[in-house]
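> Residue strings, one per chain:
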Amino acid sequence: MLFSSMTFLFLFLPVVCAAYYLSPKRFRNDVLLFASIFFYAWGEPRYVSIMLLVIFINYFGALFIEKTNRKKLFLILTIVLNLSFLAYFKYMNFFIENINRLFHANIDFLYVIMPIGISFYTFQAMSYVCDVYAKTVPAQKNVYNLMLYIVLFPQLIAGPIVKYHDIADQIASRNENIDKVYRGVLRFIGGLAKKVLLANTLGAVADEIFASDLQYISVSLAWIGAVAYAFQIYFDFSGYSDMAIGLCLIFGFNIPENFNYPYISKSVTEFWRRWHISLSTWFKQYLYIPLGGNRISKFRTAVNLMIVFFVTGFWHGASWNFIVWGLWHGFFVVMEKLIAPDTQKKGIIRNGLLHCYALLTVLFGWIIFRAETLPRAWEYIRKMFGFIPNRYEALDLLYYVDGQELLTFVFAILLSTPLAKGFFNASGKLKSAGIQVFALLLFLLSSVMIAAGTYNPFIYFRF
Amino acid sequence: MRRFVFILSGILIAVVSSYKFYLRDNAPQSLENKHGSVFLYFSDASRKDVRVSDLHGARREEKLDYCLSPGSNCLLFSLDTELSFKKAEIRLLSDKDTEAEIIFTGPLSERLKEKRIEVDFKNFYLDGEPVFQKTQSSWRRYQIIYGFKIEKEKPVSISFEYRRHIPDYENISWLVLLTVILLAGVIFDRLEKPFFGFFYRLYGKGTVGQKIFLTLFFLILCVPAVRLDHREESVFENRKLAKKPSLVVKTKRGDNGLALEYGKYFDYWFSDRFFGRLEVISFYHALQKSLRFRLKTRTAFVGRDNDIFQIRDLKVFDPAFLKQLERESEKYINVLQKLKKWTDQKNMKLYVVLVPVKESILYDRLGKGMPAQTAAFDQWVGEIKEASGVNIIYPKKEIRQAVLNNRDLIFFKQDHHYTDFGMTFLIRELMKQITHDFPDIPVLSEKDFSVTYDHRIRHGASLSKWQTLSHLCTLLMIFDKEECRSYAKPYRYYRNKNQNVEIDVINNKTTTYFNPEGKYSLYLLGTSHTNQMSVFLPFSFKQVIKEVKADTNITLKNVSRYNPDALIVVLQTTVADRLKDLFKE
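Sequence order for the protein chains is A and B. Here the first sequence stands for residues 120 to 582, numbered as in this note's numbering. Here the second sequence stands for residues 2 to 586, numbered as in this note's numbering.
Hints were generated in silico from the structure; no laboratory data involved. No residue lacks a Cβ here, since even glycine has one placed at the ideal position from N, Cα and C. Some hints could be false.
As the list claims (entries may be wrong) - Here chain A is said to cover these stretches of chain B; the calculated rule only asks that three of the stretch's residues, wherever they fall, bring their Cβ under 8 Å from a Cβ of chain A:
1. 161 to 173
2. 221 to 234
3. 254 to 267
Please build the complete structure, drawing on both the sequences and the hints.
Shown next, in the form of structure tokens:
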């Protein structure tokens with residue numbers, strides 16, 4: 120079930136909210152647990168058992184880690200089991216494909232469909248056992264509480280990846296109040312609007328341009344396509360995170376932020392401090408630091424960073440594109456570590472240049488991320504620099520960018536900087552009644568867009 | 002007091018929502034019914050002799066198969082019933098003196114006409130004189146009939162009020178109603194504490210603004226599920242609406258199993274049926290109109306001069322499509338050669354018509370930023386034609402020239418088909434080829450046709466569901482007839498003066514035309530453009546068998562059965578890749 124679907128918004132959400140707040144406090148976790156499993160089973164009834172299996176493995180793994188002397192053994196065993204789920208469901212066919220290619224073998228592909236959200240919930244589960252191993256938190260004795268931590272529906276499918284120590288206390292006891300619900304609803308509406316009004320509109324532009332023959336589009340269109348995709352992925356993902364944070368607030372949970380205006384970064388390192396924060400801190404805490412971090416030598420730091428970014432890329436998907444994308448970022452982060460530019464220094468030109476460098480690096484990274492294959496990504500980048508001439512008459516910018524898209528681009532640029540946030544904070548009036556009316560209008564507009572998406576005329580074909 | 006109001010509201014909600022339990026007989030259906038009907042029958046005049054000079058509160062029925070033929074002696078009016086009385090007024094003017102009968106009745110659609118669904122009528126006045134004033138109910142088998150006279154050129158005024166049939170005490174099962182009231186009372190009494198506890202918990206310490214905001218937000222969340230649309234199909238989308246899925250399905254082995262894709266199909270079902278769906282989509286359309294320089298949806302857009310185009314048909318400019326055609330050229334040539342061999346063996350002449358798509362002819366009206374040339378496609382057609390040796394007619398240049406030289410429109414503005422006038426140019430090029438093989442075939446000219454102008458689109462059989470809207474208006478989310486009509490211009494229509502051609506509709510795909518003056522027979526097979534071609538071709542042949550077929554793979558059995566002298570295969574250029582499936586031995 121998607122947050123931006125009719126069923127979620129207008130059936131699931133009101134029913135769960137009513138059931139949650141109608142229930143006595145002691146049953147609220149059960150309501151959320153039941154709702155979360157229902158939410159997951161709605162799209163993936165087959166794989167509920169996989170998710171429950173992951174939960175039980177980690178539950179018992181953590182208990183063994185806490186109770187026995189062979190802590191490390193059980194930690195490794197639990198992590199290997201977690202990773203084996205990921206390896207089987209997400210990466211097995213990728214491995215087979217590469218083995219076949221490398222050794223001219225003929226191993227049959229497996230018929231497996233990746234369970235939705237498996238990357239997120241296995242990482243959450245691993246964070247739990249790691250925290251227990253590090254004695255940051257005690258092992259959870261109540262399996263239902265652990266279950267709720269992993270399956271909590273707002274963050275189950277697309278994060279943020281909540282670390283166990285961030286939320287353990289809230290599962291046991293939390294306060295719901297109108298202020299939290301209010302902030303949660305506002306946050307949810309903001310996220311929904313980002314996803315529906317901005318990401319979907321720009322996504323349509325990016326999809327069309329990326330799907331076009333490169334001999335058919337102009338250089339300017341290629342740039343527009345790349346920029347549209349950069350905005351699409353940001354607003355899609357950060358919108359989803361906002362909705363998750365908002366929903367958690369509605370049910371009384373405070374979960375950490377996941378984005379902090381990544382496109383204002385002046386370096387790739389800074390970008391990763393602002394982009395998908397829950398993932399980068401996860402890797403920092405559970406991979407980079409255990410590998411030695413930056414405490415050993417410059418060379419080891421560089422190697423550690425490259426390992427982290429290789430894994431980051433691979434985590435995003437079973438494809439060489441994602442690996443290269445991760446390494447691309449890793450390379451620039453390592454370079455920045457070696458050169459160490461001071462991003463705190465002032466100076467418009469200097470900062471402007473650094474900003475351009477960071478944006479362009481990220482933009483080209485997105486092309487690697489978005490393209491179907493690596494050669495296609497390379498071709499696309501060549502097109503952006505005019506190395507691929509037009510064999511056919513190129514479609515003009517106006518075909519893709521009309522009033523709605525132009526307006527969306529303007530809002531996308533504004534909302535990817537803290538300008539809009541500052542505006543709302545600075546204006547006292549907008550903080551109260553104005554922002555409530557604005558939020559309701561935004562919600563209605565987003566709902567209209569979602570409802571209009573259900574318009575599905577029968578296109579009689581072959582005529 | 003709070004408790005009392007809560008319980009009373011609960012009982013009221015229960016009574017209103019459970020009427021199907023305690024209303025008997027036909028009462029629930031009548032209460033839900035939205036349609037009534039009024040017939041006017043004339044003993045000495047037909048409907049063309051009687052004019053409706055004024056009409057309020059009712060509408061002329063044009064969909065149901067009643068009183069539609071020009072020679073029929075009746076008029077049918079439909080009434081949109083509501084729970085309160087609505088007034089209807091009909092003013093008539095007749096060219097003849099005639100006896101007349103007015104019949105008040107219930108809904109007439111196939112689905113409802115045999116059900117006892119009543120409609121209430123009252124205050125029936127004829128020329129200001131009361132006929133009956135008290136409420137009377139009527140349905141198809143129990144109609145209210147009243148006879149009167151209409152004098153030539155003397156206006157007649159009919160007025161009455163109508164509503165859905167409200168059940169009377171006889172229709173109520175009092176025992177069931179009492180049970181509903183008592184049960185609701187008990188349930189809501191038990192719910193009172195948790196309900197207000199819920200509000201206290203949620204709204205405990207917030208500001209007034211926060212409370213109003215959250216109330217509105219949660220109310221909006223509940224609106225779409227308040228009332229679901231139970232219709233079977235969406236006329237505007239020209240499709241059936243999704244059905245509610247079942248959680249338990251039959252497996253391949255015949256056992257019962259859990260529907261693993263239940264969620265997906267439930268989403269389809271709810272997305273098709275939530276409350277206010279069409280209104281929201283109309284609002285979205287209005288929003289799009291104000292935001293966009295030119296109206297565009299995922300499937301269609303408005304170009305210059307208000308010509309509507311389909312995005313799918315831009316395919317002729319798409320290099321990927323061209324590459325596919327070039328890559329598969331061998332296959333097409335092969336199939337065409339096989340087909341030609343087969344028709345040669347059957348002593349049939351073969352013509353393949355590639356109908357240039359509207360977008361490739363009116364490329365200068367697509368709007369700024371759109372492609373202009375289909376040179377690569379034209380070249381490909383030339384190569385295929387030469388290599389296969391098949392007579393391929395692709396009159397793009399000629400039709401483009403016609404667009405430049407004529408003020409009359411070659412294409413409908415709000416549809417992708419050729420007008421009759423536009424089709425004359427295609428037919429002209431086709432006939433040049435046909436007369437080469439059949440020199441004695443009559444070639445018709447303008448004088449053989451009577452020419453009229455009309456704003457409406459000529460509908461093919463498959464377009465009937467769109468009623469007066471066009472396919473492209475549907476794609477553009479234009480639901481308003483007037484808005485769709487605003488794109489239209491007067492189109493030049495042709496009607497052959499020869500009245501001797503017999504038309505026999507065999508099924509919704511196949512029609513035969515028999516012309517006693519003709520000499521040769523023709524099998525006309527292909528996409529919907531064959532509909533426009535059949536305005537002209539039947540008058541040059543003895544027999545024409547038209548088969549409108551989207552997939553266009555030729556069923557040899559069908560063609561062989563008629564053993565025609567000529568076979569014309571019609572394909573729009575955007576489906577040129579279908580050539581490879583054209584013929585299978």
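> If a hint holds in the structure, say so; if it doesn't, say that too.
Evaluated hints:
1. Counting residues of the stretch 161 to 173 of chain B whose CB lies closer than 8 Å to any CB of chain A gives 0, which falls below the minimum of 3, so the coverage claim is violated.
2. Counting residues of the stretch 221 to 234 of chain B whose CB lies closer than 8 Å to any CB of chain A gives 6, so the stated coverage by that chain holds, three being the minimum.
3. Under the rule that three or more residues need a Cβ within less than 8 Å of chain A, the assignment of the stretch 254 to 267 of chain B holds, with 6 such residues.
The structure does not agree with numbered hint 1 stated previously, though it agrees with all others.
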